[in-house]
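Residue numbers (the working numbering), protein chains in the order written: chain A, 1 to 338; chain B, 339 to 643; chain C, 644 to 1159.
Bear in mind the hints are in silico, worked out from the structure with no lab data behind them.
Every residue, glycine too, gets a C-beta built ideally from N, C-alpha and C.
Watch out, some of these pointers could steer you wrong.
Some chain A residues flagged as far from chain B (calculated, every beta-carbon gap over 12 Å) [to be verified]:
# : residue
1 : 182
2 : 225
3 : 318
Across the chosen pairs, the derived CB separations fall in these ranges [said to hold, decoys possible]:
#  : chain 1 : residue 1 : chain 2 : residue 2 : range
4  : C       : 1044      : A       : 195       : 48 to 58 Å
5  : C       : 977       : B       : 456       : 27 to 37 Å
6  : B       : 543       : A       : 235       : 37 to 47 Å
7  : A       : 19        : B       : 456       : 47 to 57 Å
8  : C       : 904       : B       : 375       : 27 to 37 Å
9  : B       : 392       : A       : 69        : 49 to 59 Å
10 : A       : 322       : B       : 468       : 28 to 38 Å
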Amino acid sequence: MSLLQILCRRLMLSILVVFGVLVVTFITSRLIPGDPARLMAGEHASQETVRHMRHVLGLDEPLPRQFAGYLARLARGDLGVSIRTERPVIEDLRRFFPATIELSIVALLFAVAAGLPLGVAAAVYRDGWIDQVVRTVSVAGISMPAFWLALLLLDFFYNWLGILPGTGRLDEGVAAPPFITGMFTVDALLAGQGRTMYSAVTHIALPAFTLGFVNLGIIMRQIRSAMIEVLQEDYIRTARAGGLSAARIVFGHALRNALIPSVTMLGLLFGDLLYGAVLTETIFAWPGMGNYVIQSIGFLDFPSIMGFALVASLAYVLLNLAVDLSYMMLDPQIREIG
Amino acid sequence: MSVTQSGESVAPAPPNPPGSGAARWGVDWRHVWYRLASSPLTVAGFVIVALVIAAMTLAPAIAPYDPNRLSLAVRLAAPSWHHVFGTDEVGRDLFSRVIWGSRASVVAGLVTVAISMSIGTCIGAVSGFLSGWVDTVIMRIMDVLLAFPSFILAMALAAALGPSLMNAILPIAIVRTPFYVRLARGQALTLRDRAYVRAAETFGSSSWHIVWRHILPNSMAPIIVQATLDIGLAILTVSALSFIGLGAQQPTAEWGAMVANGRAYFLDQWWYPMFPGLAILVTAIGFNLVGDGLREILDPRLRGR
Amino acid sequence: MRLLRGPASAALLAALCIVQAGAADLATLMIGKPTDPDTLDPHVAQSNNSLTVTCKTYETLVRFAVVDGRATADVAPGLAQSWRVDPAGKVWDFTLAKQHRFSSGRFVDAAAVKFSFDRLLEIAKGPNEDYPAIASTEVLDEHTIRFTLAYPFAPFLASLASCAGEVVDPSVMSHAVDKDLGQGYLSAHSMGSGPYQVAEVEKGQQIVLEPNPYYFGAEPRIKRVVIKIIKEAAVRRLELEKGDLDLIEEVSPDQVDVLRGKPGIMVVDEPCFRQDYLSLNTKRPPLDHVLVRQALSYAVDYQGIINGVLLGKGKQMRGFIPEGFWGHDDRVMKYQYDPQRARALLAQAGAQHLKLSYLYAKADPTWETVGLVLQQNLADIGVTLDLREYAYSTMRDMVDRGDFDIAIGNYTPDFADPSQYLNYWVDSRLFGLAGNRAFYKNAEVDDLIRRAISLSDVGERTRLYQRAQSIAVAEAPYILLSQKNYDVAMRSNVHGYIYNPLLLQVFDFENMWKTP
Chain A
1 MSLLQILCRR LMLSILVVFG VLVVTFITSR LIPGDPARLM AGEHASQETV RHMRHVLGLD
61 EPLPRQFAGY LARLARGDLG VSIRTERPVI EDLRRFFPAT IELSIVALLF AVAAGLPLGV
121 AAAVYRDGWI DQVVRTVSVA GISMPAFWLA LLLLDFFYNW LGILPGTGRL DEGVAAPPFI
181 TGMFTVDALL AGQGRTMYSA VTHIALPAFT LGFVNLGIIM RQIRSAMIEV LQEDYIRTAR
241 AGGLSAARIV FGHALRNALI PSVTMLGLLF GDLLYGAVLT ETIFAWPGMG NYVIQSIGFL
301 DFPSIMGFAL VASLAYVLLN LAVDLSYMML DPQIREIG
Chain B
339 MSVTQSGESV APAPPNPPGS GAARWGVDWR HVWYRLASSP LTVAGFVIVA LVIAAMTLAP
399 AIAPYDPNRL SLAVRLAAPS WHHVFGTDEV GRDLFSRVIW GSRASVVAGL VTVAISMSIG
459 TCIGAVSGFL SGWVDTVIMR IMDVLLAFPS FILAMALAAA LGPSLMNAIL PIAIVRTPFY
519 VRLARGQALT LRDRAYVRAA ETFGSSSWHI VWRHILPNSM APIIVQATLD IGLAILTVSA
579 LSFIGLGAQQ PTAEWGAMVA NGRAYFLDQW WYPMFPGLAI LVTAIGFNLV GDGLREILDP
639 RLRGR
Chain C
644 MRLLRGPASA ALLAALCIVQ AGAADLATLM IGKPTDPDTL DPHVAQSNNS LTVTCKTYET
704 LVRFAVVDGR ATADVAPGLA QSWRVDPAGK VWDFTLAKQH RFSSGRFVDA AAVKFSFDRL
764 LEIAKGPNED YPAIASTEVL DEHTIRFTLA YPFAPFLASL ASCAGEVVDP SVMSHAVDKD
824 LGQGYLSAHS MGSGPYQVAE VEKGQQIVLE PNPYYFGAEP RIKRVVIKII KEAAVRRLEL
884 EKGDLDLIEE VSPDQVDVLR GKPGIMVVDE PCFRQDYLSL NTKRPPLDHV LVRQALSYAV
944 DYQGIINGVL LGKGKQMRGF IPEGFWGHDD RVMKYQYDPQ RARALLAQAG AQHLKLSYLY
1004 AKADPTWETV GLVLQQNLAD IGVTLDLREY AYSTMRDMVD RGDFDIAIGN YTPDFADPSQ
1064 YLNYWVDSRL FGLAGNRAFY KNAEVDDLIR RAISLSDVGE RTRLYQRAQS IAVAEAPYIL
1124 LSQKNYDVAM RSNVHGYIYN PLLLQVFDFE NMWKTP
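Produce the complete structure using the sequences and hints provided.
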């Protein structure tokens, strides 16, 4: 099968999956108690007003019609209006998405920057002290309740030591940098605003560390096991016998081959981080989508909740698609996936 | 609330090594046991798990107080001989609550995994064995489930049926099922072509019979490993949902809910969110170490130098 | 974290942080709130949370007088400089002061006042209920406005000091969408004549207020008010201690005690009229049986809750009319903690093995704790209480529909008149969230309270209200838990705050200032 055919097939499947997600989230939103028409009309609205609101929201139509209406609006880019913020959901998402993306990227960078070398070291010096440390830390990472770690770090660094700020993305009085990517750290750097960048970096430190710690564990384990596997391959032994230096072997050959399955992990991890952000953002009052969703849950603001579910699922599906394709391209042996 | 696996891939177990003793599910358990006992980390994991299970089963006996008994006079007391972990805002003994909380948290984790493992394995084995359009449809449904944010499902069920521990277990179990489906399916695909399976087919055994007697038993090794690793994850996810308020409700003692309640007091009563969170961490570490140990042994690619 | 390496770096970082904090503005006031107001429209806003903003961006015809630095419940001129009422008590004429202007520059004239009240009554989303008696408003001349009441309404003048009577700029109509009379616009903006105007609203994040350039009074020393929304109580407290916030709301009883001792921090802990009470759904068996309700009233450990949950910052209510209001009855019956009596009453009612549900939300952190105590109290008399937590909006919806057994709630009056309680809580015309959450109906009580609200003689009104109260208390449709204190914490360099129990969550920013 040619790459193009595979691409098409995967695309079709992805669309199917997205559709499935839409159906499930739609049904989900209709299961929630509390009358959204009532909520929007206000507590003192008369029955008449509530009825009218119900009509405006299209809630008096049969379910399939409502769903069709929902799809039609989606096609126009209309995700509805948030009951809580009274803004279009898509605008809310646009506002809060960059903060979460920034957090996820920094967390992932941290996890990779720390996890990669440590994972390699652990594999190369297997059963040595660094291996033990890595295995301990990574087990702690994947066993760590993120919300607890967040509290702990906040207490230690903000309360006890007072060297890192507590909440938000910037210090009070520091204006946001001009918008280029929506990521304050990057934008401040590009605009040459040293103080803003410093403020943004200190604010993102704790949340990113918390979020990244779990994935640090996952990455270290993945790299370690992949490296161990590769280091046992015959061609490595041959290279060693042939007198190639250890460094050359590790970095020249083994790493490259160990990274291939790891690439797929990265994609999935990034999708994960978006969800993991939900807990971390609450504790640090980080104004991202995770915080937004938690507040929406508290309000039963189903347009926002569905909007978030949709965008997040979409992101996850697309990531999966990209990851699968890159995997197929990198490793021609794996073309047949169900 | 991670939806991915813990970062490891698992290969199918090889057939019985020649000359070995009794083997069940294609694995020589005496050998496994020996290997497990020789790794200190794994032993530590087993000890932790044993302690947690002991706490769960013996809770009524070892908890010094009734976990739900209020005692406003001693609210927010610091750890002392009377109250080893201190007390919460209504004077309930936190040590007792943590002990009893193991029931909620760990049982929730175990049940979640049990559900997703059993359902997922059956579906996957059947799907892999039958192939064809059945297989395709099932895999597509699994893809939808995989893309799904588990906490949205949890929220919906919680809202529709009322937030409770059970209503948090179900969505997590549902969302984890695809992993087992994939694993079991992979195994079934491999085993389908084995001689004894072919033989059974020729003899006219029904598909269900073949799956039940031949395919499933020989697929269990990687599935057991995955399940053990999943228990830790399930415990974390359940406590995360309880933390947001979608899981266990007052007055049920559950670790995640206790951290959530203790959140407001963490500045002066550090012990309140600290100990339940520590319990989650340690328990998850225990299960993960055991799972790791099992994987080291059952996965041939990691064996030896 | 990777960025921090070594003690030198840490010290540098610490120094930089301190420098930044020190440079905090003396003209900016930073406030921490747990949730953001649902709307900033004074004619729509139902909760005190919105008042922090609306009371400073709008003005009322009259205001509560401040005498010798203390707030009173008496009425002083606001937008109106004088007024008179006809002998029948039905026609009120107000003469407006001439210098008040909206933030748009437009003068506050009689036409604007008429527009504002018409708008309030037309929107009819709750605040209008403070003015049930208005039959018509008339512009007599540019600076005189006449209210004609359908019946003599004794508290009318006092009610005009309540935030529901805030005057909105008629220019709001240029922002009206689809006949909403500008509600959409005003939910996140202000168009009033108050000392401040809304500069920026970031839902869920912060609200920024800046001075109204056309305000009639002196220029305020606080030039910028930043209200930050921080959900975590512990974080709010932390930021106050570190000086990142100047003032925090929703200080829990625990935090009050801790913060009192800290240097640089001042705590305001004053009795107020905010009450916590339980509504017993009298329409649902077994709560339709008066003996059962009385039994529950005796089963509650009131003092235990006040000591253990409120940490002594409150007191048990006696009757609906709180202490401090005229009409408060010191002799009306008060239920005491008496589990034995409770059990006897239950037995008398023939009620065995009752199972009830307790409805609450996380909106108020003490509600859950109270629920836990109640659970134990009720278990002691053989009643199983099931705790049910819902999102605040869902909970209010369920209360409104009567879909509960026992629901907790809190209440603050808008002005100092017993009608604020008795004509809401026990009037069978107001079933639901707006007033009568127990769905209680008693014909005699209805008659008494409806007569009392239209009379002007204080003595007669007192008699009628107290009689109605006695009947209602005996029938126990509500369990009156406590009259709580109001707690606020601020840095000690913040001056000028005058506490008014009728204006909770309102801070007179224009009269406040900070010293270094």
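Against the structure, the hints:
1. 182: 22 Å, holds
2. 225: The claim breaks: residue 225 of chain A does not keep its Cβ more than 12 Å from every Cβ of chain B (closest is about 6 Å).
3. 318: Not fine: 10 Å to the nearest Cβ puts residue 318 of chain A too close to chain B.
4. C:1044 <-> A:195: 48 to 58 Å: 54 Å, holds
5. C:977 <-> B:456: 27 to 37 Å: Since the Cβ atoms of residue 977 of chain C and residue 456 of chain B sit about 59 Å apart, the hinted range of 27 to 37 Å is violated.
6. B:543 <-> A:235: 37 to 47 Å: Distance hint for residue 543 of chain B, residue 235 of chain A holds at roughly 44 Å.
7. A:19 <-> B:456: 47 to 57 Å: 29 Å, violated
8. C:904 <-> B:375: 27 to 37 Å: Taking Cβ atoms as reference, residue 904 of chain C and residue 375 of chain B lie about 55 Å apart, which means the hint is violated.
9. B:392 <-> A:69: 49 to 59 Å: At 56 Å between Cβs, range holds.
10. A:322 <-> B:468: 28 to 38 Å: 31 Å, holds
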